[in-house]
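**Student:** Generate coordinates for the entire structure from the input sequences, incorporating the hints supplied.
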Amino acid sequence: MNSKALKFGDNINTDIIIPGKYLTITDEKELGKHAMDGIDPKFAEKSRGGAVLVVGENFGSGSSREQAPIALKNADVKCVVAKSFARIFYRNAINIGLPVLECSELWPDVQDGDLLSVTLEEGTIKNSRSGKVFKAQPLPLFILEIIQSGGLLNQLRQKQTKKDK
Amino acid sequence: MNVIEKILSRASGEKEVVPGQIVDAKIDHAMINEITGYLVARYFHEVGAKKVWDPKKVTVVLDHTIPAPTAEAAEVHRLVRDFARELNLPGFYDVGRGGVCHQVMVEKGNVKPGDVIVGADSHTVTYGGLGAFSTGIGSTEMTSVFITGKLWFKVPKIIRIDVTGKFGKYVGAKDLFLRVAREIGFSGATYMGLEFKGPTVKKLSVSSRLTLCNMTIEVGGKAGIVEPDEKTIEYVKSKTSEPFNPLYSDPDAEYARTLKVDVTGMQSQVACPNAVDNVKPVSELSGVELDQVYIGSCTNGRIEDLKIAADIVRGKKVNPRTRLVVVPASQEVFIDAMKEGLIQTFAEAGAAIATASCGACYGGHLGVLAAGETCLSTTNRNFIGRMGDPMAKVYLGSPAVAAASALTGRITDPETLR
Chain A
81 MNSKALKFGD
91 NINTDIIIPG
101 KYLTITDEKE
111 LGKHAMDGID
121 PKFAEKSRGG
131 AVLVVGENFG
141 SGSSREQAPI
151 ALKNADVKCV
161 VAKSFARIFY
171 RNAINIGLPV
181 LECSELWPDV
191 QDGDLLSVTL
201 EEGTIKNSRS
211 GKVFKAQPLP
221 LFILEIIQSG
231 GLLNQLRQKQ
241 TKKDK
Chain B
16 MNVIEKILSR
26 ASGEKEVVPG
36 QIVDAKIDHA
46 MINEITGYLV
56 ARYFHEVGAK
66 KVWDPKKVTV
76 VLDHTIPAPT
86 AEAAEVHRLV
96 RDFARELNLP
106 GFYDVGRGGV
116 CHQVMVEKGN
126 VKPGDVIVGA
136 DSHTVTYGGL
146 GAFSTGIGST
156 EMTSVFITGK
166 LWFKVPKIIR
176 IDVTGKFGKY
186 VGAKDLFLRV
196 AREIGFSGAT
206 YMGLEFKGPT
216 VKKLSVSSRL
226 TLCNMTIEVG
236 GKAGIVEPDE
246 KTIEYVKSKT
256 SEPFNPLYSD
266 PDAEYARTLK
276 VDVTGMQSQV
286 ACPNAVDNVK
296 PVSELSGVEL
306 DQVYIGSCTN
316 GRIEDLKIAA
326 DIVRGKKVNP
336 RTRLVVVPAS
346 QEVFIDAMKE
356 GLIQTFAEAG
366 AAIATASCGA
376 CYGGHLGVLA
386 AGETCLSTTN
396 RNFIGRMGDP
406 MAKVYLGSPA
416 VAAASALTGR
426 ITDPETLR
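Protein chains in written order, with the numbering used here: chain A, 81 to 245; chain B, 16 to 433.
Keep in mind the hints are simulated off the structure, nothing from the lab. Certain hints may be false.
As the list claims (entries may be wrong) - Subject to a maximum C-alpha distance of 20 Å in a straight line, what follows is the list of computed DMTMM-like cross-link-like pairs (lysine to aspartate or glutamate):
1. 101(A) to 87(B)
2. 101(A) to 388(B)
3. 212(B) to 257(B)
4. 109(A) to 87(B)
5. 169(B) to 120(A)
6. 101(A) to 90(B)
7. 122(A) to 404(B)
8. 354(B) to 326(B)
9. 408(B) to 182(A)
10. 242(A) to 61(B)
11. 239(A) to 61(B)
12. 354(B) to 319(B)
13. 163(A) to 194(A)
14. 254(B) to 244(B)
15. 109(A) to 61(B)
16. 113(A) to 404(B)
17. 113(A) to 87(B)
18. 109(A) to 90(B)
19. 215(A) to 182(A)
20. 30(B) to 265(B)
21. 101(A) to 404(B)
22. 275(B) to 242(B)
**Tutor:** Quick look at the structure:
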């Protein structure tokens, strides 16, 4: 995937990603409009057309709300590359089909708006402005399969359909 | 093995487990609230599931937005209420019947020592206070748990926290945790568990142990735990007649790290904006003026907490520049507080008192903050924007500090009011 980078710092928690006041919104597209509202109310405009979120340590700390990765996915975020993730967010993101990569070295190299090419299979990220290529820990195959199915539920449905045939 | 390893090993049928190992564990109980639960209802239908693996083992609570502050919230309630009815779930707690999900879970006897419990809420870690392994998960995984009754876990490394010394009159579990948070840091226990041990923990009440474990997620913890003892067993037996088998750490159990804390002479502790590890002794903050004080939540909204606060405000008035909001953690706590005259004490002091819910803790309703306002809260999180406007400031402290601060209108050490 090729997308522009949007960069934030450490400790972006779930209340920043999707503040509590939006949690009764049941329409996923609508949730997407409020992604990252706690830090940048214009985020959804900036991420339109696809973005790679480049963030610091402890991304997604706090709540178990799955609305956090759902909001990012619906704001056209294609991938999140963090120095590190909070545990529940990491699992939730994979389960809803939002790719997440851990890579500490990318962050200092990236500026807002840089064009990044990400290959999930190898876990590589290329910054076309600096020309540098970064290596994240590639995702295990079973996790890649969940993401490529569009999430755990889609994967369950696809398995179900195969069984039914 | 330590107590968490033993619980996970028993639940997965493995003779022995080691940190890092992935196990498929049987779940003893699962819990959703309306915020995470409407997604579970949606996904459950989407995958064509018809039945819950064991309807007695799931609990559904409306707690974040009750009574419904908006039509949108009411619609979310309806989705979850219909789901609970459709599945014939005996453990459904509607508005006015339950309260904050974690308090409801322990009160209704759904948490037993040695159990594996998952909840679609990050503060599910609370149940470690009763010697269970419990952790927060998302709605997709919860859907799978509802269908299969199982979930995979990576066995966590454990930080052992040895606590010694005697607490001062107004110092307790909240202060101890904030002190630990300062040491460990907000992400210092990510992917790890915390086991609280030592003579001082042994002396803590069940309520205080729940407070301690409740906040372990605030340092990234996957679970917190206090080994069960006679107090735990007595409490659980008063709530359920179901059998249970407590587990304990071996004397030679291995830990990733041990942290020693002596609480003798420790002041009340306060977490300053906007991070739970930005902790200072209360005396250093006596200049901070407050617009609001909030007493409630799954951290410090139990009867023990309300008693401590009521003893401090009894016969006095909340400072005119400050609002005091009191929200009992559950309907049961509310009723007990009424019987003991605490509700009257708070009302006469000038507090606003609301039905049991998560209220303003997560920025929902019943006391959210305006830009530039400052609040001292007995809750567990002071993230930017958590309790309302991103320009509001939230300090976290104990019920004693909250009550004393409400009287003076600024952050106050309860010791100075004696």
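**Student:** If a hint holds in the structure, say so; if it doesn't, say that too.
**Tutor:** Hints versus structure:
1. 101(A) to 87(B): holds, 11 Å
2. 101(A) to 388(B): Roughly 18 Å between the alpha carbons, so the hint for residue 101(A) and residue 388(B) holds.
3. 212(B) to 257(B): violated, 27 Å
4. 109(A) to 87(B): holds, 16 Å
5. 169(B) to 120(A): violated, 34 Å
6. 101(A) to 90(B): holds, 15 Å
7. 122(A) to 404(B): holds, 16 Å
8. 354(B) to 326(B): It holds: about 15 Å lies between the C-alpha atoms, which stays within 20 Å.
9. 408(B) to 182(A): With Cα atoms ~31 Å apart, residue 408(B) and residue 182(A) exceed 20 Å; violated.
10. 242(A) to 61(B): holds, 16 Å
11. 239(A) to 61(B): holds, 14 Å
12. 354(B) to 319(B): holds, 14 Å
13. 163(A) to 194(A): Roughly 18 Å between the alpha carbons, so the hint for residue 163(A) and residue 194(A) holds.
14. 254(B) to 244(B): holds, 16 Å
15. 109(A) to 61(B): Between residue 109(A) and residue 61(B) the Cα gap is close to 18 Å, so the pair holds against 20 Å.
16. 113(A) to 404(B): holds, 18 Å
17. 113(A) to 87(B): holds, 17 Å
18. 109(A) to 90(B): holds, 18 Å
19. 215(A) to 182(A): Holds, at about 9 Å.
20. 30(B) to 265(B): At roughly 15 Å apart (the allowed maximum being 20 Å), residue 265(B) and residue 30(B) satisfy the hint.
21. 101(A) to 404(B): holds, 10 Å
22. 275(B) to 242(B): holds, 17 Å
Of the numbered hints given earlier, the model fails hints 3, 5, 9; all others are met.
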